[in-house]
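Modelling step: build the complete structure from the supplied sequences, incorporating the hints.
First to last, the sequence lines map onto chains A and B. Using the numbering used here, you'd call the opening residue of the first sequence number 1 and step up by one each time. Using the numbering used here, you'd call the opening residue of the second sequence number 1 and step up by one each time.
Worth flagging that the hints you see were computed from the coordinates, not collected in a lab. Incorrect hints may have been included.
[Said to hold, decoys possible] Short, incomplete list of chain B residues facing chain A, as computed with Cβ under 10 Å:
(1) R179
(2) V182
(3) E191
(4) A198
(5) I201
(6) T204
(7) E241
(8) R316
(9) L318
[Said to hold, decoys possible] Pulled from the structure, derived: some chain B residues nowhere near chain A, Cβ distances all over 10 Å:
(10) V67
(11) F108
(12) F116
(13) A122
(14) L123
(15) L184
(16) Y208
(17) Y266
(18) M291
(19) A303
(20) V304
These numbers come from a predicted model, not from an experiment. Note that CB positions come from ideal geometry on N, CA and C, so glycine has one too.
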Amino acid sequence: MAEEFAVRMVNITKTFGHVTANDKVYLELHRGEILSLLGENGSGKTTLMNMLSGIYFPDSGQIYINGREVTISSPHDAYRLGIGMVHQHFKLVDVLTAAENIALGLPGGLVVDRKAIGARVREICDRYGFSVDPDKKVYDMSVSEKQTLEIVKTLYRGADILILDEPTAVLTPQETETLFAVMRNMRADGKSIIIITHKLNEVLEISDRVTVLRKGEYIGDMDTAKADARALTDMMVGRTVTLNIQRDLPVDPQRRLEIRNLTVKDADGVVRLDDINLDVYAGEILGVAGVSGCGQKELLEAIAGLQPAVSGSSIKYRPTGRSGPAEELLGLGPRAVSDRGIRLAFVPEDRLGMGLVASMNIAGNMMLKEYRAGKSPLVERRHPYDMARNIVRELEVVTPSIETPVRQLSGGNVQKVLVGREIAMHPTVLMSAYAVRGLDINTSYTIYRLLNEQKKAGVAVIYVGEDLDVLLQLCDRIAVLCGGRLSDIVDGRTATKEQVGYLMTNMGKEASA
Amino acid sequence: MTQLISLLTSAIVFGTVILYGALGEIITEKSGNLNLGVPGIMYLGGIAGIATAFFYEMYAAEPIGAVGLILSFLAAFLASALGGLVYAFLTITLRANQNVTGLTLTIFGAGLANLFGGSLNALAGGVGQISVAVTSRAYRAYSHTLAGLGWVGQLLFSFGFMAYLAIVVALLASWFLNRSRVGLNLRAVGEDPATADAAGINVTLYKYLATCVGAGISGMGGLYYAMDYIKGTWSTDGTIEALGWLAVALVIFATWKPARAIWSAYLFGVLYWAYNYIAGLSRATIELFKMLPYVVTILVLVAVSMRHSREAQPPRSLGLSYFREER
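Okay, here's the thing in structure tokens:
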């Protein structure tokens with residue numbers, strides 16, 4: 001009976017500081033099956049798998065491999081048990097060849113026998129239908145080749161339990177098909193596979209069973225044959241929670257930003273945003289929903305002038321009042337934008353990296369926006385200090401003094417300083433990314449209140465969020481991104497959680513058509 | 001012709017000093033540690049070798065060259081490796097800034113060596129200049145029959161054993177880094193320690209060993225300088241430091257390839273001594289000529305950066321401390 005399970009994880013709990021990433025989670029993987037591990041961002045999928053592959057160690061709970069209880073305290077242990085994980089960020093050395101990467105850290109003779117490795121690699125490739133050139137350098141490889149190499153590497157080390165962490169996130173549809181074909185071959189060969197994903201269509205296409213996590217908790221599992229997209233979405237997003245966030249009807253919304261055909265590629269040439277068409281209105285809060293890494297960051301940064309867009313893209317800015325020509329923002333850069341009197345406020349996800357200078361005090365951080373004010377060669381100090389005192393008083397920032405480096409403040413207070421500074425510049429567009437992440441309830445409500453005040457003052461507010469309940473109760477409209485594309489725009493007052501969840505995960509055929 | 005041979009032989013002697021320095025630094029840098037303490041380490045190697053030979057020759061009734069050679073050789077290697085160990089402890093275990101630590105090591109090595117070197121000179125009395133003649137002779141011994149074979153003999157066989165050892169070390173290092181399993185792992189550590197760690201490679205151990213062994217090899221440059229180049233004496237004129245920096249430049253010039261470092265080192269030697277063989281140079285022009293190796297290094301750096309070749313780049317995580325990411 002126990003033999004039929006390749007992996008059983010029982011009652012697994014893992015906390016980081018005061019955050020519980022996994023709370024009494026169960027997972028069962030039969031031999032020779034493909035299991036989907038499904039969940040939203042931060043639902044603890046990757047954490048759970050990292051415990052199986054020896055990167056983290058569980059606080060409590062048991063892991064059984066092939067029916068035997070085991071302790072996995074390092075990636076090495078995992079390999080010995082036949083567990084191999086392909087991470088989202090590939091662990092490959094660029095300047096080495098495929099064969100050399102495979103040989104890394106393995107025991108063996110004094111000299112690396114590249115021929116023997118090459119032969120075994122070809123054998124593995126032939127067996128499952130991969131194609132890997134053992135002598136090719138990794139820096140010459142495409143993303144999908146690198147991923148293939150990672151999988152071959154785990155197989156070379158004798159893994160018969162494979163964990164793939166969001167493997168399709170970086171692949172084109174054709175490459176995804178190839179990967180799935182290979183996965184089916186491996187299953188036929190008796191390998192057991194766990195695929196972490198949040199794309200429902202892939203779950204339904206490739207897996208035999210699916211296990212759903214939500215907010216670190218085990219929700220349940222079911223046979224894929226009996227599941228459908230609706231049922232899985234419900235399990236994934238859960239019940240609607242009433243939050244009582246104030247939401248007024250927008251008063252006289254005017255079009256402020258016209259985003260047309262916006263396409264953004266990253267340094268590797270991977271398309272991060274694909275042909276986005278979106279209007280942003282002054283006096284409303286536009287929510288942006290999506291699984292993390294679906295282009296939210298790129299969207300905000302493109303508007304802020306921090307992210308170059310592919311030619312043909314356009315972001316037009318219309319000043320207040322119906323007259324006045326629209327200005328093209330793309331290609332200007334933050335400095336040129338502010339020189340034109342356009343006040344874009346940006347509360348980035350990475351508060352202490354991009355938003356504030358961690359080792360400077362509150363007033364110093366105010367100065368970052370003001371250092372060009374005045375004609376004197378010396379920096380004007382009085383105004384930033386007044387501003388800092390104002391923010392501390394009005395937003396009830398808990399700090400020993402305004403001279404305290406912001407790095408010593410708690411997360412919520414850091415966010416108050418950042419939001420306070422951005423609002424103090426009287427923006428016409430206010431962008432915020434995950435503005436309440438990691439904040440307690442009270443601070444979150446303070447942030448909601450501030451955003452609502454800005455909306456009332458006629459600011460175009462963009463709120464990128466991850467909590468669907470908040471998005472649905474704070475925003476007037478919600479743009480749903482899926483895999484870098486605009487899945488749909490829904491009305492925040494009438495849309496349901498299931499609907500948004502479905503749009504987030506179903507980049508489906510309709511969007512690709 | 002005689003002039004050319006003479007230029008080439010002095011270039012080889014000069015090149016050997018910096019070749020040791022550079023080879024050690026290449027091994028160190030391949031582990032991701034940028035040790036700017038090369039000049040200091042060369043000082044340590046030089047003074048340890050000289051001091052050991054000096055006391056041996058002072059206390060032995062009839063000093064034997066070979067014994068002095070072995071003792072001073074081991075002492076120099078140990079002292080230099082110890083310098084590397086200090087650097088390794090500070091940067092790997094304590095995660096101190098690598099640049100600052102390296103520069104400090106250079107200052108420390110130079111100060112320590114000149115303190116003891118100066119004391120030895122004072123101890124020696126007489127002209128205020130020590131000499132370890134017996135040991136130095138052993139270092140400089142070569143076959144007169146072979147060296148007598150015209151200009152070929154001059155060019156190929158007229159050097160002490162350390163000049164040949166440097167070439168052997170370079171070829172071994174090249175084989176080690178490109179062919180051997182341990183060398184492959186070492187390169188992975190310098191490129192991407194997180195990946196190496198995940199592959200089960202002991203990153204800390206590799207970094208420590210590479211840094212210590214690398215420093216040991218670098219120190220041989222100082223030993224060769226003291227025993228062969230200036231014939232078993234000590235001078236506090238700071239030449240070793242200048243040569244040490246040149247060794248660091250050579251690492252870049254050779255694009256982190258030991259085999260390439262061999263001819264590059266001799267080329268540096270030719271460039272350095274060229275002014276001696278060009279007639280009619282003023283004092284000022286001579287100083288300009290001495291600049292050539294550095295100018296060439298800058299040009300190589302520019303060319304390499306412009307070509308964007310991934311092969312000619314420094315190890316990716318050079319200069320960065322590694323610690324396992326914790327959430």
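Cross-check of the supplied hints:
Satisfaction of the interface hint for R179 (chain B) is found here, the shortest Cβ-Cβ separation to chain A being roughly 5 Å, below the 10 Å cut-off. Using the Cβ-Cβ criterion of 10 Å, the hint placing V182 (chain B) at the interface with chain A is satisfied: the shortest such distance is roughly 8 Å. Interface restraint check for E191 (chain B): the shortest CB-CB distance to chain A comes to about 5 Å, inside 10 Å, so the restraint holds. For A198 (chain B), the suggested interface contact is upheld, since its CB lies about 5 Å from the closest CB of chain A, less than 10 Å.
Hint status for I201 (chain B) relative to chain A: holds, with the closest Cβ pair at about 4 Å, below 10 Å. At about 14 Å, the closest approach between the beta carbon of T204 (chain B) and any beta carbon in chain A exceeds 10 Å, and the interface hint on this residue is violated. Because the smallest distance between the Cβ of E241 (chain B) and any Cβ of chain A comes to about 32 Å, over 10 Å, the interface hint for this residue is violated. The beta carbon of R316 (chain B) comes within 7 Å of a beta carbon in chain A, closer than 10 Å, and the hint placing it at the interface holds.
The criterion of a C-beta within 10 Å of any C-beta in chain A is not met by L318 (chain B), whose closest approach is roughly 12 Å, and the hint is violated. No beta-carbon of chain A is positioned within 10 Å of the beta-carbon of V67 (chain B); the least distance is around 33 Å. With a cut of 10 Å on Cβ distances, F108 (chain B) stays outside the contact zone with chain A, its closest approach being about 30 Å. A cut-off of 10 Å between C-beta atoms confirms that F116 (chain B) is not in contact with chain A; the least separation is 40 Å.
Every Cβ of chain A is farther than 10 Å from the Cβ of A122 (chain B); the closest lies at roughly 49 Å, confirming the non-interface assignment. No beta-carbon of chain A is positioned within 10 Å of the beta-carbon of L123 (chain B); the least distance is around 47 Å. Residue-level check failed: L184 (chain B) sits 6 Å from the nearest beta carbon of chain A, not beyond 10 Å. Interface exclusion of Y208 (chain B) from chain A stands, the closest Cβ pair being 17 Å apart, more than 10 Å.
For Y266 (chain B), the shortest C-beta to C-beta distance to chain A comes to about 27 Å, beyond the 10 Å cut-off, and the non-interface label holds. Under the 10 Å C-beta cut-off, the non-interface status given to M291 (chain B) relative to chain A holds; the minimum distance is some 32 Å. No beta-carbon of chain A comes within 10 Å of the beta-carbon of A303 (chain B); the shortest separation is about 19 Å. At roughly 14 Å, the least C-beta separation between V304 (chain B) and chain A is larger than 10 Å, which holds for a residue marked as non-interface.
Checked against the numbered hints listed earlier, the structure breaks hints 6, 7, 9 and 15; every other hint is satisfied.
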